[in-house]
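> Given next are the chains, with one letter for each unit.
Number of protein chains: 2
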Amino acid sequence: MSGKKVKVGLMGMGTVGTGVIRLVNGHKEDLHNQTGMEMDIARILVQNPSKERALSVHSELITDDPYQLLHDPEIDVIVEVMGGIEPTKSYILEALEHGKHVVTANKDLVALHGAELLKKAAEKECDLFYEASVAGGIPILRALVEGFSSDRITKMMGIVNGTTNYILTKMTEEGAAYEDVLKEAQELGYAEADPSSDVGGLDAARKMSILSTLGFHVGMNLEEVECKGISEVTKEDILFGKKLGYTMKLIGIAKQDDGLIEVSVQPAMVKQSHPLASVNGVFNAVYVYGEAVGETMFYGPGAGELPTATAVVSDLVTVVKNLKLGVNGRGMVAPYKEKKLKSEEQIWAKYFMRLIVDDKSGVLAQLTSKLAEYEVSLEQVIQQPYNSGEKAELIMVTHSSSKKSINGILAQLKELDFVDEIKSCYRVEGSD
Amino acid sequence: MSGKKVKVGLMGMGTVGTGVIRLVNGHKEDLHNQTGMEMDIARILVQNPSKERALSVHSELITDDPYQLLHDPEIDVIVEVMGGIEPTKSYILEALEHGKHVVTANKDLVALHGAELLKKAAEKECDLFYEASVAGGIPILRALVEGFSSDRITKMMGIVNGTTNYILTKMTEEGAAYEDVLKEAQELGYAEADPSSDVGGLDAARKMSILSTLGFHVGMNLEEVECKGISEVTKEDILFGKKLGYTMKLIGIAKQDDGLIEVSVQPAMVKQSHPLASVNGVFNAVYVYGEAVGETMFYGPGAGELPTATAVVSDLVTVVKNLKLGVNGRGMVAPYKEKKLKSEEQIWAKYFMRLIVDDKSGVLAQLTSKLAEYEVSLEQVIQQPYNSGEKAELIMVTHSSSKKSINGILAQLKELDFVDEIKSCYRVEGSD
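Top line first, the protein sequences correspond to chains A and B.
The first sequence begins at 1 in our numbering and counts up by one.
The second sequence begins at 1 in our numbering and counts up by one.
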């Protein structure tokens, strides 16, 4: 293989695709020094070949016919940065079928159909890498698969969506309301016109599904990730959290205890001293707890043309090194553990709750005895007058309780005479 | 090779060695699932075979004769966690000479003789890995070599010594003096009885030399790393730093501008908003800036039995995977760039200075005009009465200046009548 050029077929020439071309062409010498081979972007699939582009490339490289890439026996590697589920998935399967290695940045596809794609790759002894699919420029998948190969990972917590972290950071720093910050984020290009998959938590859920598959060696399905977004987070919640020493973040949580797994995404109160609490703006971070290594955190840009392209091209470098050694298709370990998900009784955490209650003597006593029926006890309470003064606002942090207990007590509280309103309830992390 | 056990010879059974045995034996099934092969610690070299140990192992595994490992043709891999320069270096060279792969945690040895060892490994087509040598449990070397293989790294800043970070954190949080905290750290086992290589910065310099060799693709020598320790840091420096928005950290800095390199270790004022500023206690972190990826940071435990053992055994997993594929000895890229070091004119930074001057009108004007002669200008100044009141204390942060200018002005200030004392001068980082 040495001496031959490695021919790359690039599917998609949007933001990330443009970054890939820039890096491969701009770092030619370094890449050659590291791999001993030359890479050549031989063909680029686009939807509209006549469109004007930020980067000019030879027009003969451009095509709108996928089979000019998929059926070209000269092309060794397909880099897929076009996104979407179909026809992308069919293209990748066909590329693998033809013995082409694949690098993709497509988190939607990997989260939904990763197992099927990896199976096909293994069958055809092809590489299939997707470092860019989680946390853009942070090489977190490599860290999980290689850096911690000797350890047992018991917890991963991720700020893996830049849009929501930008919004929550702004709300925290400026005391601004959700709708106002979302609008600003859209104007700045940090949020899409239709922001639902970001603010609803689905984007983060996809990434947590990929992380837990690799970190826990199980086949995690997207629908098993419980998911709640940030659209109901108020500036009051953030403010009261601050008072009690917490920062509001949209957190993906993947935990494994005695072989039982829970994976979720939700806005949560993170203890201010926890390293995730100071990850601000569009930055991403993944906190990994291993039985042996203890606490680690990986921080960096979660999106953007060049950061994402860095991850894609680093995967490409691995493919090229493997090509040179003739060892493609051996890098991934298929999930080998049986997946057992926790029930609601088995998911334990502290919770932050904010209630409006009647401001009468004995209310707190009645409330705590009701909580005790559900085996929920309190670690912190603030009581203060609410509006007119006839009502009181209670801000509470519970001791660690099961999710079943918390759901039970929330349902019960609604029925109580002296409880006017349940303003909010958030999971608390980073304080155990 | 499949089906055969991989036999490991372990050199050293101190803290890290014990951790390696625990992980290899405790995670047997996971390791087998990941590599498809079984690992067996076949022989352990110790100084005193009759000593009582924290972990009991079969007595026939223990030997004080290195040649029972080095000359045993059954042993595939040597894991070296005994430390020191000699005889360790000769043992590793002999292991490689006999075709054995080597994993080492020995930063002293890698920093001083890494190039020679890597050359021998390449010659014998053997793996030589040393992830544990920098920042214990953080897989930073993999990130540099693989995760950022497509990028051009221009800056690395590391908190890579846990002892000094513990001391500076305590001094910062409690306003305590250096000597008191050092004594406490020694009692707690966070500092050695002879702490000189930690507090003097040499340990951090070794790690920066390894990081810059890998990150910049040059052969960095330890003596080219400029090195200053923390023993002269006072609580007043820390306090005034805080006032101006900085946190004192022992920082390793490796920068590359237009192909010119600087590497140094020194106590520095780090802007409080910079991610390194909140890395506290014995934790380590490495901040990496890549042209394409931008800002990233890797955080975790820098030392300890199991964190360090995690890095060692993860390297061992890579060796075993390579053995299975028959591709050992191809993983490392030898430094391929010519090394050009910056001169003092080419090293630019902001500086924090604290002076005691006569409290007379016109002093600040005279001082700033003297600074201007050396092309140094000020970004921030605080002036306040000093002790009796006849003197004033000046705390200043300069704009970015060359090291030559700063050294020039420091020499000049000593000669000036109205300057009583130069209390301190620190580099400022994280604010540009």
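Honestly, the hints are just simulated from the structure, not real lab data.
The reader is advised that the hints may include incorrect statements.
30 Å max Cα-Cα, derived BS3-like pairs, lysine-lysine [unchecked claim]:
| id | chain 1 | residue 1 | chain 2 | residue 2 |
| --- | --- | --- | --- | --- |
| 1 | B | Lys271 | A | Lys235 |
| 2 | A | Lys271 | B | Lys170 |
| 3 | A | Lys5 | B | Lys5 |
| 4 | A | Lys155 | B | Lys183 |
| 5 | B | Lys242 | B | Lys391 |
| 6 | B | Lys119 | A | Lys243 |
| 7 | B | Lys403 | B | Lys340 |
| 8 | A | Lys228 | A | Lys414 |
| 9 | A | Lys370 | A | Lys243 |
| 10 | A | Lys28 | B | Lys370 |
| 11 | A | Lys414 | A | Lys89 |
| 12 | B | Lys119 | A | Lys324 |
| 13 | A | Lys119 | B | Lys119 |
| 14 | A | Lys337 | B | Lys120 |
| 15 | B | Lys403 | A | Lys271 |
| 16 | A | Lys170 | B | Lys5 |
| 17 | A | Lys28 | B | Lys235 |
| 18 | B | Lys324 | B | Lys370 |
| 19 | A | Lys124 | A | Lys155 |
Residues of chain A clear of chain B, computed beta-carbon distances all greater than 10 Å [said to hold, decoys possible]:
| id | residue |
| --- | --- |
| 20 | Arg22 |
| 21 | Leu239 |
| 22 | Lys242 |
| 23 | Pro307 |
| 24 | Lys324 |
| 25 | Lys403 |
| 26 | Asp417 |
Every residue gets a Cβ at the ideal spot worked out from N, C-alpha and C, and that includes glycine.
> If you draw a straight line from the CA of lysine 403 (chain B) to the CA of lysine 271 (chain A), is it 30 Å or shorter?
Answer violated: lysine 403 (chain B) to lysine 271 (chain A) is near 41 Å, above 30 Å.
> Would the pair lysine 170 (chain A) and lysine 5 (chain B) pass a check requiring their Cα atoms to be no farther apart than 30 Å?
The hint is violated at about 56 Å.
> Grab the minimum beta-carbon distance between lysine 242 (chain A) and chain B and tell me whether it stays above 10 Å.
holds, 17 Å
> Are the Cα atoms of lysine 403 (chain B) and lysine 340 (chain B) separated by 30 Å or less?
holds, 17 Å
> Check the hint pairing lysine 28 (chain A) with lysine 235 (chain B) against an upper bound of 30 Å on the C-alpha distance.
violated, 50 Å
> When you check the alpha-carbon spacing of lysine 155 (chain A) and lysine 183 (chain B), does it fall within 30 Å?
violated, 35 Å
> Does lysine 243 (chain A) sit within 30 Å of lysine 119 (chain B), going by the straight-line distance between their CA atoms?
violated, 58 Å
> Taking 10 Å as the cut and beta carbons as the points, is lysine 324 (chain A) off the interface with chain B?
violated, 8 Å
> Is lysine 228 (chain A) within 30 Å of lysine 414 (chain A), Cα to Cα?
This hinted pair holds, its Cα atoms lying about 21 Å apart.
> Using Cβ atoms and 10 Å as the threshold, tell me whether proline 307 (chain A) really stays out of contact range of chain B.
Non-interface label on proline 307 (chain A) violated, nearest chain B Cβ at 5 Å vs cutoff 10 Å.
> Holds or violated: lysine 337 (chain A) with lysine 120 (chain B), Cα cutoff 30 Å?
Violated: lysine 337 (chain A) and lysine 120 (chain B) sit about 40 Å apart, past 30 Å.
> Check whether the Cα positions of lysine 119 (chain A) and lysine 119 (chain B) lie no farther apart than 30 Å.
violated, 39 Å
Hints 3, 4, 6, 10, 11, 13, 14, 15, 16, 17, 18, 19, 20, 23, 24, counting from the list given before, are not met by this structure.
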